[in-house]
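Enquirer: So the protein lines, in turn, are chains A and B. Read in the numbering used here, the first sequence has 77 at position 14, and its numbers run on one by one without any break. Read in the numbering used here, the second sequence has 255 at position 32, and its numbers run on one by one without any break.
Simulated from the structure, these hints should not be mistaken for laboratory data. Please note: incorrect hints may appear among the correct ones.
[As the list claims (entries may be wrong)] Once the Cα atoms are required to be at most 30 Å apart in a straight line, the calculated DSS-like pairs of lysine-lysine come out as:
1) A:Lys112 / B:Lys319
2) B:Lys416 / A:Lys84
3) A:Lys214 / A:Lys253
4) A:Lys253 / B:Lys416
[Claimed, not checked] Chain B regions said to be covered by chain A (calculated; three or more residues, Cβ under 8 Å):
5) 330-344
6) 473-483
Glycine included, C-beta positions come from ideal geometry on N, C-alpha and C.
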Amino acid sequence: MKHSHVCLHGANLHYSATAFKERSLKSLLAHPFRRTRTGTRIGDIHALKNISVDIRGGERVGLLGHNGAGKSTFLRTVAGLYPLSSGSLRVAGQIRSLFDLSLGFEPDATGRENILYRGLLMGLTPAFMREREAEIVAFADLGEFIDYPLKTYSAGMQVRLAFAISTLVGGEVLLLDEVIGAGDASFMAKAQRRLEHLVDSAEILILASHDLQALARLCERGLVLHRGELVFDGPIEQAIATYLEINGNG
Amino acid sequence: MREYCTGIWQARYFWTHLALSDLRSRWRRSYLGVFWSLLQPLGLALLLALVFSRLLHADIGIYAPYILSGIIVWDFLVSNVTGGSLSFVQADAYIKQCRHPLAIYTLRSVLGSLIALMLASLPLYAWSALILPQHIGWNWLAILSLFPLLAAIAWPLATVLAYIATRFRDLPHALGLAVQALWFISPVYFEEKLFRQGGLDLLVDYNPIYHILQIVRAPLLQGSWPTTSNYAFALGTAVLLTLLAWLVGRKAERKVIFYL
């Protein structure tokens, strides 16, 4: 049953500088006369450095690291979005990634229509979404607003709807990037339960978060990333300790 | 390659939704809504026909549908060239989160403009049927072949341009110029005989745009089937562009995400 598997071997990922450096006639002409204010040269970014990880079915993995350490890049690489510059990635099992929950929303369409749209984005069929619509509406608990255009919603209401839809279906490999923490207190409790249920039904969970308590509760294994390098791989308590130590709080 | 195509098929609900959503947002909150897609080209065609038929001493009844057919097909091509080249840039949020084949984002713009083209074709058919009823016959069926052929040309074309334009953002600007130049040397508004009179047969006979336009013009305006060479040119263009898209895509597909 537990056939899901994520395996990275010697994985390196570079962002090529040509992709974000300003290349224009204007900057070319201005170049001889101007230096960058700080004098730093803009070069390629080595975002993941020689990372080897083996995650098997049933594992709950937390990703730690301060901003820019490579957590999101790691998740997106596992999701197959970024091509590796060297090394290999093997993934068995269907991936479900929750990065930006409100992607694909149309502000002019009603909440009910947006349920369908967001579902289609996630690769689900219209028939399936119609079947589950009532359940999503009940969970989001927006009252009559579900038939109002999305642009009339408050930020919190949008988050509730987004969360209700996005967490409807799980996957075998679940990738979460900082999705915990949305809405008012009563919704938070409900959301927390739902997320835990989702996590329970997934075979592999990889969760990137700064919420150390949530990580300790949900995960058993922790990976600590520091400047693109994997500096620790082991039990979550030790991972948290390592993370705090690296960042000078421990 | 087969995997890529199944990916496109699996995402079919998603890209049809995106195309329809583009159309919805275009017509949203306007009183005439979808009718603008019919009225806009028709109005322009009437205006141009009024002027050109005087200038060139042509019969406005026949010249107006000639121009209208030119306008709607040209609009379709332009929107796929200039709009299509920005497809990936526009869809950056989706590309950064979901692993769908990138060609679905150009398919989205092709599908959207194809629907607009179908709507804009209705007044053309009506006009032709009214003014030239003697041409109505089995050869009218050939008109329908225009839509799949145009899609087969525009999709790989938009995809190639989108790959390149994501990396080199000058391309959309340059395309604006190229498209105007192309318009100038193609029988879009001006009749083919004008080109032939000027000794510019080359611009007609070897111009895929002429051959594509003939697929609607021959049945509607001349009451004949499009010729084999019309189809050969259209299909040949589609095959060539598909090959090119495959060649460029093989290298560029995975790298696009870095340039968004």
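Enquirer: Compare the distance between the alpha carbons of A:Lys214 and A:Lys253 with 30 Å, and conclude whether the hinted pair is satisfied.
Expert: OK: A:Lys214 and A:Lys253 at ~24 Å, within 30 Å.
Enquirer: For the region 330-344 of chain B, does the count of residues with a C-beta closer than 8 Å to a C-beta of chain A reach 3?
Expert: violated (count 0)
Enquirer: Is it true that the CA of A:Lys253 sits at most 30 Å from the CA of B:Lys416?
Expert: This hinted pair is violated, its Cα atoms lying about 73 Å apart.
Enquirer: Taking beta carbons only, do three or more residues of the region 473-483 of chain B come closer than 8 Å to chain A?
Expert: holds (count 5)
Enquirer: Please verify whether A:Lys112 and B:Lys319 have alpha carbons no more than 30 Å apart.
Expert: Holds, at about 21 Å.
Enquirer: Regarding the pair B:Lys416 and A:Lys84, is the alpha-carbon distance no greater than 30 Å?
Expert: violated, 51 Å
Comparing the model with each numbered hint stated earlier shows that hints 2, 4 and 5 do not hold.
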